[in-house]
Amino acid sequence: MFVRNAWYCAGWDYHVSQGRNALLARKIAGERVVLYRKPDGGLVCMEDRCCHRQAALSLGRKEGDCLRCMYHGIKFGPDGACVEIPGQTKIPHKARVRTFPVVEKNNWIWVWMGEPEQADESLICFAVGYDDPDWNIKTSEMHVDANYRLEVANLADLSHLAWVHQNTLGAGDPATVGAFTTIQDETTMLERGINTRYWIRNVPANAFLQHLFPPEARFDLHFDITMTVPCNWILHFRAFTAGSRTEGESDGELVADTYTCQTICPNDEHSVEYYFSWGASRTTDLPGLSDMLRETVEQAFLEDASVLEAQHARVMEKPQHPTIDIIHDAGAGKMFWVLDRLLQAEAKAEEEAALAGAGRSARAGAPAC
Amino acid sequence: MFVRNAWYCAGWDYHVSQGRNALLARKIAGERVVLYRKPDGGLVCMEDRCCHRQAALSLGRKEGDCLRCMYHGIKFGPDGACVEIPGQTKIPHKARVRTFPVVEKNNWIWVWMGEPEQADESLICFAVGYDDPDWNIKTSEMHVDANYRLEVANLADLSHLAWVHQNTLGAGDPATVGAFTTIQDETTMLERGINTRYWIRNVPANAFLQHLFPPEARFDLHFDITMTVPCNWILHFRAFTAGSRTEGESDGELVADTYTCQTICPNDEHSVEYYFSWGASRTTDLPGLSDMLRETVEQAFLEDASVLEAQHARVMEKPQHPTIDIIHDAGAGKMFWVLDRLLQAEAKAEEEAALAGAGRSARAGAPAC
Amino acid sequence: MFVRNAWYCAGWDYHVSQGRNALLARKIAGERVVLYRKPDGGLVCMEDRCCHRQAALSLGRKEGDCLRCMYHGIKFGPDGACVEIPGQTKIPHKARVRTFPVVEKNNWIWVWMGEPEQADESLICFAVGYDDPDWNIKTSEMHVDANYRLEVANLADLSHLAWVHQNTLGAGDPATVGAFTTIQDETTMLERGINTRYWIRNVPANAFLQHLFPPEARFDLHFDITMTVPCNWILHFRAFTAGSRTEGESDGELVADTYTCQTICPNDEHSVEYYFSWGASRTTDLPGLSDMLRETVEQAFLEDASVLEAQHARVMEKPQHPTIDIIHDAGAGKMFWVLDRLLQAEAKAEEEAALAGAGRSARAGAPAC
Ligand code: FES
Ligand code: FES
Ligand code: FES
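Residue numbers (numbering that gives the first Met the number 0), protein chains in the order written: chain G, 0 to 368; chain R, 0 to 368; chain S, 0 to 368.
Worth flagging that the hints you see were computed from the coordinates, not collected in a lab.
Among the clues, some could well be false.
[To be verified] Derived BS3-like pairs (lysine-lysine); straight-line CA-CA distance at most 27 Å:
#1 R/K89 - R/K61
#2 S/K93 - S/K61
#3 S/K93 - G/K317
#4 R/K61 - R/K74
#5 R/K89 - S/K333
#6 R/K317 - G/K61
#7 R/K74 - S/K26
#8 S/K347 - S/K333
#9 G/K74 - R/K74
#10 S/K89 - S/K26
#11 R/K317 - G/K347
#12 R/K61 - R/K37
#13 S/K333 - R/K74
#14 S/K74 - G/K317
#15 S/K93 - G/K333
#16 G/K26 - G/K74
#17 S/K26 - S/K37
#18 G/K317 - S/K26
#19 G/K74 - G/K93
#20 R/K26 - R/K37
#21 R/K317 - G/K26
#22 G/K104 - G/K26
#23 R/K61 - S/K74
#24 S/K61 - G/K333
#25 R/K333 - G/K89
#26 G/K93 - R/K317
#27 G/K104 - G/K93
#28 S/K37 - G/K333
#29 R/K347 - S/K74
#30 S/K317 - R/K26
#31 S/K74 - S/K89
#32 G/K317 - S/K61
#33 R/K93 - S/K333
#34 G/K317 - S/K347
#35 G/K74 - R/K333
#36 G/K104 - G/K37
#37 R/K93 - R/K61
#38 R/K61 - R/K26
#39 R/K93 - S/K37
#40 R/K37 - G/K93
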């Protein structure tokens with residue numbers, strides 16, 4: 000079950016070039032789509048399924064602004080309407096492929112999977128792209144064979160850094176484990192998600208940073224996370240040398256000011272694509288530092304993938320197995336509350352539309368089935 | 000759903016040798032069968048499933064005319080009747096494996112999957128085998144992961160040559176595309192299929208032939224296709240230097256007189272085996288020419304396979320997705336009309352047999368269930 | 000369908016070491032479990048599924064006697080009870096993972112998949128382990144993609160040695176085939192299985208032994224097999240030079256006195272793990288002899304695997320396909336009688352427990368659903 004009226008990330012902007020055969024096939028929230036660029040650079044996203052006999056349009060041919068199905072040669076405009084059927088002159092009214100609103104923002108490609116007229120660009124999440132001159136952002140991606148709600152729960156709670164990521168994002172020492180698992184955060188509900196902020200003070204560096212500092216070095220770490228549905232997760236992460244304050248902004252020296260922008264696109268109920276980045280501000284960057292951040296987050300997501308894929312297999316086998324809840328489930332609970340409220344609203348709207356349609360049919364004397 | 004009372008091709012005759020362990024396992028129209036040759040060369044086709052505990056008879060041992068199951072050693076005659084049960088003398092009446100009528104013709108092996116008494120050899124399609132002295136026929140085969148009806152539709156309309164096969168069987172130039180997609184054919188309905196004939200005149204050579212002629216060379220091409228159910232497709236293809244006539248037989252020079260014989264055997268609803276050939280008449284053959292034809296058709300079928308496998312995945316996902324029809328669907332429509340008429344007749348016969356059986360049981364006082 | 004109240008073999012004792020990360024994940028009778036050793040060497044077996052969010056405990060961390068889930072850090076004692084939830088002090092009563100009785104005996108690890116209070120160690124089958132000083136036992140293992148009942152039937156009848164194993168355990172010559180398929184055995188029903196004993200006299204050596212003796216050598220072979228549910232199979236196999244007696248103990252020379260101990264653990268309905276050994280007594284052993292026995296049984300089980308996997312595929316396709324029975328099915332019939340009686344008893348006990356529970360709920364006024 001996926002929210003339809005939402006922007007889903009289809010990848011990085013460089014995944015769709017102006018190449019002769021640059022047709023990007025994706026599966027987004029259960030729907031097969033194909034993306035391509037028109038000669039003016041604008042993106043088109045349409046269902047990857049010809050309206051004639053369901054051939055893959057992603058095996059087709061770009062012709063100017065149009066896409067030609069290379070099975071029997073039907074040509075479609077960027078609005079999905081058929082503009083040519085080789086060998087016949089009449090074009091049936093229904094000869095049309097569904098298209099999806101598509102927007103590029105901060106180097107990500109966003110596709111609206113719901114009603115086109117409801118597509119609201121203000122719902123696209125804030126992010127820092129790799130072309131932002133103030134940041135040295137490095138990008139990557141990963142495929143994970145797990146249901147997307149498991150990913151939401153994973154990202155909505157960072158206590159797992161102490162365990163899953165003990166050798167990368169965590170710190171491996173017992174004191175830090177305590178600091179990571181007894182966080183005092185400030186959480187704000189957003190229209191479509193949550194914002195969470197907290198400090199972890201006077202701790203050793205995260206494992207991936209430790210070799211850059213003397214062992215006795217201590218830091219104040221600040222996390223500012225905005226998570227929105229379907230599964231966008233933007234973290235402003237800052238590390239200061241440990242200061243004297245126990246609340247409010249650290250008075251230590253800012254040694255790393257970084258953004259990591261992450262979005263997860265469900266292919267279907269069994270796998271996701273993960274598009275993510277990490278990088279430092281130009282003022283705190285050093286040669287190789289942002290590359291190290293990218294390597295670190297790749298390593299961490301491989302750690303997550305092994306946990307989540309095993310978890311997914313178990314949940315599939317026993318979806319009704321009893322579970323207990325713990326304190327760290329709160330964030331995930333809020334995200335699921337938002338997701339489920341949207342899902343319910345869409346189910347209700349669909350039901351009402353069906354009823355209205357039946358009413359019209361009944362009034363017109365048409366059979367309701 | 001497969002027509003039962005039809006001949007299905009189980010492969011080329013050389014797929015079943017006299018070898019000690021030459022037991023060919025196939026799946027035909029959903030049934031597992033095993034084929035072997037008796038010492039006199041005659042073929043046997045039986046269900047690949049021992050009547051004892053369903054072991055694979057294709058893992059068995061040939062013994063003269065017989066086949067021994069190598070699990071517990073039960074031996075079956077070429078008629079499927081059990082002739083030996085090691086360790087016991089009594090052979091139960093039901094100890095028998097189903098056999099299927101099998102015929103070799105034109106180097107193809109044909110199996111009748113329906114009622115043996117209805118097996119009618121005159122229904123085996125005409126073809127030109129590789130042992131025909133008048134033709135230099137080269138053979139090949141391919142596995143495709145697609146439903147067999149998609150293959151029927153593919154072969155029943157050659158307009159796709161202009162698109163799928165633009166670099167092989169098609170010609171790649173816009174003029175030829177037009178010629179390939181606005182064909183005036185003569186179609187005749189046959190008892191179990193269709194015959195289609197047409198000329199494409201004054202066009203460049205097909206892509207696979209172009210390097211053999213000067214660029215300005217033009218040709219008259221003649222197609223004569225007989226397609227029969229389940230999925231046999233025999234094309235007599237001739238290329239003449241472009242002549243002056245605009246109707247009737249070309250008055251150009253016959254430069255290539257060729258036969259390509261193709262048959263597709265459904266394994267089950269999700270894949271097929273393709274057995275095919277192409278070759279020139281001895282009078283128009285040149286060293287290497289028929290090998291080139293075989294290479295060309297192999298290349299073309301790889302092009303089809305990529306289209307059909309993607310299409311199959313999409314149809315499986317959304318079998319009810321709305322589609323539109325175009326002019327080029329006419330040939331497939333005729334083939335499906337034949338297929339579906341046979342399917343309906345078989346469903347009706349089965350129903351009547353069930354009713355008759357129930358009637359007899361009722362009269363005999365036996366329980367009808 | 001699996002018997003719950005039975006000991007299933009989880010592998011050889013060396014499959015679970017004292018290693019830092021030695022967490023053995025298995026699937027036994029459809030349940031995922033994880034096994035590890037406590038510092039004192041004792042084994043723990045628990046469900047491989049955290050009670051929080053179903054993460055794999057086999058991806059966790061051993062901490063003394065405990066196992067920590069490395070997703071959110073919940074720690075479980077060897078009894079399955081939660082002993083720590085990082086970040087919170089209250090531990091819910093239901094925070095507990097199922098554990099299974101586990102016993103080591105004769106170098107095999109045995110897990111009881113049913114009610115812990117019914118775990119009866121006297122039901123663990125007799126075997127000869129590799130650490131028995133009187134025998135030179137060599138061990139091995141294999142995965143087979145077949146339902147476990149097919150394995151039971153395979154092991155319960157040795158007439159298949161003449162066919163499946165003609166080049167290994169059988170002898171390949173017609174006389175021996177007769178001897179192997181017309182056995183006069185003595186069978187005794189056991190509480191949970193059968194014991195079968197028989198002589199095969201004055202036959203050539205089994206194929207795997209023939210190169211060690213002159214071609215004219217003849218032997219008396221004695222088989223003493225104890226088979227118990229779920230699928231334990233212990234064979235005391237002895238070879239004597241052919242003696243003069245036609246009944247009772249052979250008066251030939253004992254040239255090989257061997258034990259092969261085999262147990263098959265169903266992972267689920269579609270595959271099994273096979274743990275097995277073979278070896279000679281110290282008094283009849285020779286350098287390399289027991290290694291040869293192990294190689295032979297490995298080779299033979301590869302022969303079985305190819306038969307059983309093909310059979311499994313066919314039975315899955317047509318579970319209701321009619322079959323005939325033969326004389327050699329008797330042993331399997333007895334094993335299935337035992338298995339099915341236990342399955343019925345468990346189904347009945349479960350039903351009664353459900354009824355009793357419903358009764359209690361009704362009396363307490365609680366909703367019965
Ligand atoms: S399937 Fe696209 S044109 Fe036929
Ligand atoms: S399964 Fe064929 S003889 Fe037993
Ligand atoms: S899933 Fe095990 S601690 Fe959360």
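Hints, verified against the model:
no.	hint	result
1	R/K89 - R/K61	holds (22 Å)
2	S/K93 - S/K61	holds (22 Å)
3	S/K93 - G/K317	holds (18 Å)
4	R/K61 - R/K74	holds (9 Å)
5	R/K89 - S/K333	holds (22 Å)
6	R/K317 - G/K61	holds (25 Å)
7	R/K74 - S/K26	violated (39 Å)
8	S/K347 - S/K333	holds (21 Å)
9	G/K74 - R/K74	violated (60 Å)
10	S/K89 - S/K26	violated (32 Å)
11	R/K317 - G/K347	holds (24 Å)
12	R/K61 - R/K37	holds (8 Å)
13	S/K333 - R/K74	holds (26 Å)
14	S/K74 - G/K317	holds (22 Å)
15	S/K93 - G/K333	holds (23 Å)
16	G/K26 - G/K74	holds (22 Å)
17	S/K26 - S/K37	holds (21 Å)
18	G/K317 - S/K26	holds (14 Å)
19	G/K74 - G/K93	holds (14 Å)
20	R/K26 - R/K37	holds (21 Å)
21	R/K317 - G/K26	holds (14 Å)
22	G/K104 - G/K26	holds (20 Å)
23	R/K61 - S/K74	violated (61 Å)
24	S/K61 - G/K333	violated (33 Å)
25	R/K333 - G/K89	holds (22 Å)
26	G/K93 - R/K317	holds (18 Å)
27	G/K104 - G/K93	violated (33 Å)
28	S/K37 - G/K333	violated (39 Å)
29	R/K347 - S/K74	violated (65 Å)
30	S/K317 - R/K26	holds (14 Å)
31	S/K74 - S/K89	holds (13 Å)
32	G/K317 - S/K61	holds (25 Å)
33	R/K93 - S/K333	holds (23 Å)
34	G/K317 - S/K347	holds (24 Å)
35	G/K74 - R/K333	holds (26 Å)
36	G/K104 - G/K37	holds (17 Å)
37	R/K93 - R/K61	holds (22 Å)
38	R/K61 - R/K26	holds (20 Å)
39	R/K93 - S/K37	violated (58 Å)
40	R/K37 - G/K93	violated (58 Å)
Checked against the numbered hints listed earlier, the structure breaks hints 7, 9, 10, 23, 24, 27, 28, 29, 39 and 40; every other hint is satisfied.
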